[in-house]
Structures are given as structure tokens and as C-alpha cells.
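Novice: Each chain is listed here by its residues.
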Amino acid sequence: MTDTASLPRRNGSAPALRLAKRVAGLALTLAATFLGLLAITFVIGRVIPIDPVLAVLGERATAEQYEAAREAMGLNQPLWVQFGLYVRDALSGDFGKSLVTAKPVLEDVARVFPATLELATIATIFGVLFGIPAGVIAATRPGSLADQLVRLIGLMGYSMPVFWLGLMGLLVFYGELGWVGGPGRLDTSYEFMYELDVPARTGMILIDTALAGQWEIFANALSHILLPAGVLGYYSMAYISRMTRSFMIDQLGQEYITTARVKGMPEWRVVWVHALRNVMVPLITVIALSYANLLEGSVLTETVFAWPGLGLYITHALFSADMAAVMGGTIVVGTVFILLNMLSDVLYRLIDPRARA
Amino acid sequence: MSGLRAWLIDPAPRSPMQARAGQLWLGWLRLARNPLALIGLLIIVALLAAAALAPWIATHDPYAQNLAGRLQPPLSPGHWLGTDEFGRDIWSRLVHGARITLYIVALVTVTAPVVGLIIGTVSGYFGGIVDTALMRLTDIFLAFPRLILALAFVAALGPGIENAVLAIALTAWPPYARVARAETLTVRGADFIAAVRLQGAGAGRIVVGHVMPMCVPSVIIRVTLDMAGIILTAAGLGFLGLGAQPPLPEWGLMIASGRKFLFEQWWVATMPGLAIFIVSLGFNLLGDGLRDVLDPRSATR
Numbered sequence: 001m002t003d004t005a006s007l008p009r010r011n012g013s014a015p016a017l018r019l020a021k022r023v024a025g026l027a028l029t030l031a032a033t034f035l036g037l038l039a040i041t042f043v044i045g046r047v048i049p050i051d052p053v054l055a056v057l058g059e060r061a062t063a064e065q066y067e068a069a070r071e072a073m074g075l076n077q078p079l080w081v082q083f084g085l086y087v088r089d090a091l092s093g094d095f096g097k098s099l100v101t102a103k104p105v106l107e108d109v110a111r112v113f114p115a116t117l118e119l120a121t122i123a124t125i126f127g128v129l130f131g132i133p134a135g136v137i138a139a140t141r142p143g144s145l146a147d148q149l150v151r152l153i154g155l156m157g158y159s160m161p162v163f164w165l166g167l168m169g170l171l172v173f174y175g176e177l178g179w180v181g182g183p184g185r186l187d188t189s190y191e192f193m194y195e196l197d198v199p200a201r202t203g204m205i206l207i208d209t210a211l212a213g214q215w216e217i218f219a220n221a222l223s224h225i226l227l228p229a230g231v232l233g234y235y236s237m238a239y240i241s242r243m244t245r246s247f248m249i250d251q252l253g254q255e256y257i258t259t260a261r262v263k264g265m266p267e268w269r270v271v272w273v274h275a276l277r278n279v280m281v282p283l284i285t286v287i288a289l290s291y292a293n294l295l296e297g298s299v300l301t302e303t304v305f306a307w308p309g310l311g312l313y314i315t316h317a318l319f320s321a322d323m324a325a326v327m328g329g330t331i332v333v334g335t336v337f338i339l340l341n342m343l344s345d346v347l348y349r350l351i352d353p354r355a356r357a
Numbered sequence: 001m002s003g004l005r006a007w008l009i010d011p012a013p014r015s016p017m018q019a020r021a022g023q024l025w026l027g028w029l030r031l032a033r034n035p036l037a038l039i040g041l042l043i044i045v046a047l048l049a050a051a052a053l054a055p056w057i058a059t060h061d062p063y064a065q066n067l068a069g070r071l072q073p074p075l076s077p078g079h080w081l082g083t084d085e086f087g088r089d090i091w092s093r094l095v096h097g098a099r100i101t102l103y104i105v106a107l108v109t110v111t112a113p114v115v116g117l118i119i120g121t122v123s124g125y126f127g128g129i130v131d132t133a134l135m136r137l138t139d140i141f142l143a144f145p146r147l148i149l150a151l152a153f154v155a156a157l158g159p160g161i162e163n164a165v166l167a168i169a170l171t172a173w174p175p176y177a178r179v180a181r182a183e184t185l186t187v188r189g190a191d192f193i194a195a196v197r198l199q200g201a202g203a204g205r206i207v208v209g210h211v212m213p214m215c216v217p218s219v220i221i222r223v224t225l226d227m228a229g230i231i232l233t234a235a236g237l238g239f240l241g242l243g244a245q246p247p248l249p250e251w252g253l254m255i256a257s258g259r260k261f262l263f264e265q266w267w268v269a270t271m272p273g274l275a276i277f278i279v280s281l282g283f284n285l286l287g288d289g290l291r292d293v294l295d296p297r298s299a300t301r
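Residue numbers (our numbering), protein chains in the order written: chain B, 1 to 357; chain Y, 1 to 301.
Since the hints were derived computationally from the structure, they do not count as laboratory data.
By construction, the Cβ of each residue, glycine as well, lies at the ideal position given by its N, Cα and C atoms.
Some hints could be false.
Claimed, not checked - Label pairs and their computed distance ranges (CB to CB):
#1 Y/Arg33 / B/Ser246: 17 to 27 Å
#2 B/Ala146 / Y/Ala19: 34 to 44 Å
#3 B/Pro142 / Y/Ala133: 41 to 51 Å
#4 B/Ile351 / Y/Ala133: 28 to 38 Å
#5 Y/Gly204 / B/Leu149: 50 to 60 Å
#6 Y/Val130 / B/Trp179: 53 to 63 Å
Said to hold, decoys possible - A few chain B residues facing chain Y, derived, Cβ under 7 Å:
#7 Gly36
#8 Leu38
#9 Leu155
#10 Gly157
#11 Ser159
#12 Met160
#13 Pro161
#14 Phe163
#15 Leu171
#16 Phe173
#17 Glu296
#18 Val299
#19 Thr315
#20 Leu318
#21 Val333
#22 Gly334
Only chain Y is shown next, with the shape it has when bound in the complex:
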């Protein structure tokens, strides 16, 4: 262990891999000093575990109806979070719903930042008329209320998880494009870019191979900060009946179905909302902590 530590904090790393590992280790130490960020991390790990081990953690089949045992209150035998209007176990549905939430977040985070990255780097690297046109497009999307735009997209494409993901991604890329462009402007005049260009690399190769990697860290920070927002938007679309469709155990959809029994059977709507709240809080706490670690401006201070 001490050997590993010494290897990690070696001030004169002997390989690029060692240097990178050392940086990661230092970053982790800085993150670990922040208790709130650790709580956030713990929540995310728990979410990942719940999603991965859903069949083993769930006590019941999330789709198994039991009309004799419908709307059981929390802490009733066999159903510690109660049952919904079809007698389905709420805990099991929440655990399986974690998979849907992660699926949506994962799909949005692999599409929107990539689109933003491409538009931002191209815009920043080429400048001129390309820059003006692309940034005006970005501004238009930014000037639009996100949920309303997502609603309009889903209205056109039809409800469903994939379309909800598409709609969220289509409305989520502009901030990433802004970040990537700002970063590109700072590196495009750098000597290493000039060196690559003198070696005869084309614009495409420079943008993809040399500019984009420089923009990735700031975009990643932005993404972790946005994840809670993505979850909330997805839940909102589900709540309106435009995202996941029944009988899927999507959390927003579960809240919508519990709305009918709000005053008599409060738990049906309350429990999935708590799940959304805890998970979003986890992403927010972790995002805040990560920003403090990764943001070069706060690190130099």
C-alpha cells in the first residue's frame, strides 16, 4: 500500500501513465476532503448498485399485480414502502426505476456533450462566418425555454423514452458548445497547435485529435453539474405522460399515477418523488465537489 502511495505521489513520474494516475490520486484526495461531495458520491454509488443488482435487491416483481393487496400503506408486511393502485410493490418498482433513470441520463450524456463539443470546437477553431453562424444558432437554442422546447419536440416525435432522450439532448447541447468554444479559443493559438499544423495536419485532424481533448475536462464538469437537471426534465416529461409509458416503473410516471390518490394514499406519489430528490441531490453535491477539484481557477488558488 505504501509502495503504491509512494508511486502515486512521486514528484518525478517515470511514465505518462504514472503521472496521470498521480493526478487522479491528488484529485481524489481533494474531493475526499469535502464531506458533502462524498455523500453525493455515496448516493450515486448506491444508485449504480441498485440499478446493477435490481433483480436481487427488489423484493417483488415490479410488474406483478396483486389487486387484493392494492394501496397498502408503508411498513405493511412484505411491502415496506407500501403498494400502488395495482398492488405492485413500490420499493421493487423504485429499484427497477433506477435503471430507467440511469439509462436516460447515460444516453443524454453521451449525445448532447458530443454534439456541443463538435459545434463548439469547429466554431472556435475556424472562426469568421462559421463561428458567427454556429454561435447564433446556439444563442437561439439558449434563448428558448428548455422544457417547452423538449415538449414541442416530443409532441412532434411522439411520446416514449427514446424520444424524450432525443428531445432532452436536442435542448441540452448549447451550453456545452459555449464551453467548448471558449476553451478552443484559448488553445487554438498555442504553439503545439502551430507545430501540428506545420507538420501538415489537416483542420479535421487538428480539431478532433488536438483541440477536442483539451476541451473535454471543462465539458465533463458541466455535464456532472447538468445531470440533476437532466433527471428532473426526464421526470417532468414522464409526469406529463410524454416520457416513459406505463407500465414502466419510471419515477416521474409513478408520481403521476399516485396523483389520483394523493390525499388518501399519500405514499404512492411521495416515495418516487423522494427517490428523484435524493438522486438529484447526489448528482448536485458531487458536481459541486468535482467542480472545486477540476476547475483550474479554484485549484490554483
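Extracted from the complex, chain B is given alone in its bound form:
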């Protein structure tokens, strides 16, 4: 402890300054992207053929009432002022009220988001656990049967509609075999137990029930999440294994690998320790990207599995013409997407010493 503290600091404050500059740059990009996101939803909101004033007042309003409401909603202002108001509201977390639930959109989104997060997380774990080994094995024997198989599985993942695969999964594993729970997060009988006995700490059923020691509900929730997470995880696996394979082939051609082999290192150690460690660096970006993509894939998957997450919330809002909810949900997904992209970029710089310089 004292040793490291007494060491002279090289470069003085230069790295700190560089870091501050980079953080400022990152924040600026983030702000610009977020503003763009708001601009897109604002434009979409303006082209809807629904008059926002009439939607609130109804069609029997008098001309004076109409004008008063129009003024109160800021719609008589120039467009750029309206956009300014829109940004101000969004920044303070005000995305309007949902017509269906009559609650602030942000509150609704906060309630349904953990379900999506839980699903996407388990799916990513599947994707990483199967995708990385599959990609490594394919890369060590290019052109072999195993390689072809991994390639085929990947191509099938790029060609199958996610909602169809979900339905087929339900048909086989739930309808025919009865191995997994059906649609929804829990059986109906367990839903009441969950409401009553489990304190909602995170909103993620698996974590909440584990914390409360309710293992029976935990098992039921697990049987429900396995299939949708497996379906989403398959797409994540297809992407991760494909990228792992190409990164790994790159690494295995490097000179340090030859050196390790010449020194007599066992092949498994060369591949799974030395090469894999360097592959992990670009893979982090890939995993973050696939995680972000799962948020999107969840729209269709949640519809198939009646999973009460953000995707189902957005589609339900769409069909009730609840535009505030649609746009609020879109902004939240977009923001998470942007943040994940940024995060992967930052992590990449932190881990790879070459990118840091």
C-alpha cells in the first residue's frame, strides 16, 4: 500500500487531462445522439394524423375551448419552441401520460422494464456460454465438420423469424413435451403467491424470489423463462459464435502463438488461455451489441410469450393509439441502446492497452 503510494507518478497530470478530455468528448457525443433521438420521436409525433388537441378535448369542444387548450399545450408556438419544450420535458423525465393506464409513461416503463432486462440478461448468458466455445472450436479446425456445423447453426439464426421460432418452441417443448412453463412469467397460481409473499426489490422475479428464499416460485419462474431466453439466446449465440470464430482465426495466425507452440505449450493452453484472452477484448463490444439487439428482439418475443416487458408494453400501446406510451418506450429503448454502445466502446478502451494510448 505505502509502496505504491510512494512511487513517483509518471507523466504527472497529463493522463488525467487526457481522460477529462475524452470524457467530455464522450458526453458531447452522447448528448448529441440523445438530442437526435428526441428529434426523431418529435418529428414522428408531429406527422401523426391525430390532432393532439382533439384527442384530449373530444370532438364536441367549442372553438374557444380548442384555442385555449391549443395554447396550454404550447401548440401555437413556433416549431422550434415546441421542440425546446419537448426536450425540456423529456430531460425532466416527463414523457406524458399513458392513455391506457392513466399513469406517467416513465412510471409504466420503470414497472415493465425489469422483465425485459431479466429476459435479455439470461439470453445473453446463454449466448456467451454456447457461442464463445462454439466459435473457438470452429476456429481451431477451419473447414472441418464442426466448423461447418457452427456456420450452419449461425446462418439458420440469421434466417429464422424470432417469433416463429418462439411459437415452434412453445409447440414442441410446452405443448408436446411439457418440459417448460407456458407463456407469461409465472403460472397463474404462483402469480398470487408472488404478489403476496415476495417483496419487489428489483422487479426481476428470479432475483427477488432468491432473495426472499421462495424457491418454489423461483423454480416456476425459471421454467417460464428458459424457453423465451433460449430462443433469444440462440440469436445471440449465432452472432457471438460467428464473431468469435473470425477474431480467433486472426489471433491464431499471430507470432506469439507460434512462439508459445514452439516452446512446447500444450495446444489447449495456447488456444483457450493465450489466444482467447486477446479475443475477449473485441468480443466485449460484440457481447454489448448483441445485448442491445436483444432489447429489440424482445418486442416480438414478448408478444409470442405474453411476457409483460417493455416490448409488449410498446406493442399494446400501439394498438390503443397511445402515442405518449409508444414514444416514451421508444425513447427508453433507444437510450439504453445508445448507452450500451457507449459502454462497450469505453470498456474496449479500458481493456485494450493499445486503444488507450
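Add chain Y to chain B, keeping to what the hints say.
Specialist: Just chain Y now, kept in the frame of chain B:
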């Protein structure tokens, strides 16, 4: 035949047309070496044939209801893929649905790449503030989950095939803009561009007449690789009820209608999904093969 071959592989072509034909022939030979790409090509040709000859290939009218013969299983007499909840022949509906799928893919592929091409070349050629502004716009669209953005667009425009196409096109152009810009940056300093400029050509003429043609091949590769994605997105919108509307035999919509009978009459949802899967696989296989043929980096190796 041998005369034609000799003409095609002539190392000293006597006309631009002959040179181009020769290049095409060599490309075809390289593609033909890849069996998976050929399978993909075969699937696409079959899809085109099904769409073109739909009235002759279909065994029934795709809209003809027969409530007495509803939900017949596959391989029942007269309906080898079975019938749906209105007694409509699933095979005939799939064949006619190929037209809708191709219609959507064709419309998206003639709009999105053109938009991307214009934005990318303008951005790359002019550089500076134009470049920064356009690329920031592209990044914003790229930073957005595509399906969600398409959903929001359709929500604003209203459901229907044309609006679904518009929504997909609006979300599909950014990658093309990136590709076109990268390509533009490599050619804009070239001597032939300088020569055209010295002859007095304006910026518009240079971009449209001389830069864009150079970007077309890489954009085309990107498009073939994206076609499966377009089909899947369109099917997803159809499945959610935001794309084609009933009673159109759109495949995603057919899956949605079969969802109600999934556990008893599995074929209603399964068959259209298989169709989507096979066609997307075809585009993916062909796209992979084409990339190997057309990508200059892999060709020089």
C-alpha cells in the same frame, strides 16, 4: 458454345461490352464453385418463379373460403399443406404470398440504397461541415434499434404494406450511407475525378456521374446481405398486425392467424414460417457467396 466461351475469356477484349461480359462470366465461375451459394441461388430462382407463375402453381384461389373444409391437416386430399381457419388452401396462399414478399423486398431495395447512396456520396465528396452533419444524422439512425424505429414510424403512418415498406426503408439506409461514404473517400482524390473537374464539370455532375457508379458495387453487396433482414422485419411487422392487412396472404400475417390454433392445428403457423425461413436462408447463402465473388479484398487473395 466454345466460340462464346473463347469470346468471354479473351484476355484482350475488343469492346467494353466484351470486357464486362467476360468479368461477369469469371464472377459466375467463382460463384458456381460454391455449392451453398448455388443452393441459395436456386431458392431465389424458385421464389421468383413461384411469384411469376403464382396463378398456375397455386392449386386453389388463395382467397376462396370453404368453411366446411377448415383446418384440414397437411396431406389431406386436394390440400397437401392443409387449410387454414377459413378453409383456404395454405399452399396457394404461400405461393401468392411470395409476390407480396418480393414486392416488399423490391420496394425497399430500390429506395433505401438510393437514399444511402446520395447521402453517403454527398457527405464524402464535400467533406467538412456537410460531412459532419450528415454522418451525425446517420449515426443517430444507426444508434436506434431498427425494429422499434420501424414500429414508431408505422404507428405514426398507420398500418399497411406501403407504410411498412416506408418504415423499413427509413431505418435501412444508414449502413448504405456509411459504405458509400467510405468508397467516395477513396475515389474523390483520384486522377480521373480531377480530370473531370478540370474539364469544368460541376459538383453535381461529378457526384452523380462519376462518384456514384464507383460506389454501386459495394452497396449492392450490402443490399444482398440485407435482403434476409428486410424479409424478417417485414414479416415481423406483419406478425404484429402492422404490415399487410387481412385477407392478404402475407407470411408473417399468416403466422399470426395460426397462433390461435398452435397446439391443435400446428401446420397453420408452421408452414408460412418455413417459407420465410427457406427464402431468408436462400438470400443469406447467396449474399455470402456474392460477397466472396465481388469483394475486391477477397478476390485479390
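Novice: Each hint should be assessed against the structure and marked as holding or not.
Specialist: Results for each hint:
Separated by about 22 Å at the C-beta atoms, Y/Arg33 and B/Ser246 satisfy the suggested range of 17 to 27 Å. Look at B/Ala146 against Y/Ala19: about 43 Å separates their beta carbons, and that is inside 34 to 44 Å. Taken as a hint, the range 41 to 51 Å holds for the pair B/Pro142 and Y/Ala133, whose Cβ atoms sit roughly 43 Å apart. A beta carbon spacing of about 33 Å between B/Ile351 and Y/Ala133 agrees with the range 28 to 38 Å that was offered as a hint.
The hinted window of 50 to 60 Å between Y/Gly204 and B/Leu149 holds, with their beta carbons roughly 52 Å apart. Look at Y/Val130 against B/Trp179: about 58 Å separates their beta carbons, and that is inside 53 to 63 Å. The beta carbon of B/Gly36 is positioned within 7 Å of a beta carbon in chain Y (closest approach about 3 Å), and the interface hint is therefore held. A hinted interface residue such as B/Leu38 counts as satisfied when its beta carbon comes closer than 7 Å to some beta carbon of chain Y; here the least separation is about 10 Å, so the hint is violated.
Here the hint on B/Leu155 is kept, as its CB sits about 6 Å from the closest CB of chain Y, short of 7 Å. A distance limit of 7 Å between C-beta atoms decides the matter here; for B/Gly157 the minimum to chain Y is near 10 Å, and the interface restraint is violated. The interface hint given for B/Ser159 is met, as the beta carbon of that residue sits about 4 Å from the closest beta carbon of chain Y, less than 7 Å. Given hint, B/Met160 at the interface with chain Y, holds; its Cβ is 5 Å from that chain's nearest Cβ, closer than 7 Å.
At a threshold of 7 Å, the smallest CB-CB gap from B/Pro161 to chain Y is about 5 Å, leaving the interface hint in force. Hint status for B/Phe163 relative to chain Y: holds, with the closest Cβ pair at about 5 Å, below 7 Å. For B/Leu171, the interface hint holds, the least distance from its beta-carbon to any beta-carbon of chain Y being 6 Å, beneath 7 Å. The criterion of a C-beta within 7 Å of any C-beta in chain Y is not met by B/Phe173, whose closest approach is roughly 12 Å, and the hint is violated.
The criterion of a C-beta within 7 Å of any C-beta in chain Y is met by B/Glu296, whose closest approach is roughly 4 Å, and the hint holds. The restraint placing B/Val299 at the interface with chain Y holds, with a minimum CB-CB distance near 6 Å, inside the 7 Å limit. Hint on B/Thr315 holds. Least Cβ distance to chain Y is approximately 6 Å, under the 7 Å limit. Because the smallest distance between the Cβ of B/Leu318 and any Cβ of chain Y comes to about 5 Å, under 7 Å, the interface hint for this residue holds.
Satisfaction of the interface hint for B/Val333 is found here, the shortest Cβ-Cβ separation to chain Y being roughly 5 Å, below the 7 Å cut-off. A cut of 7 Å between beta carbons decides the hint on B/Gly334: the least distance to chain Y is about 5 Å, and the hint holds.
Consistency note: the structure conflicts with the earlier hints numbered 8, 10, 16.
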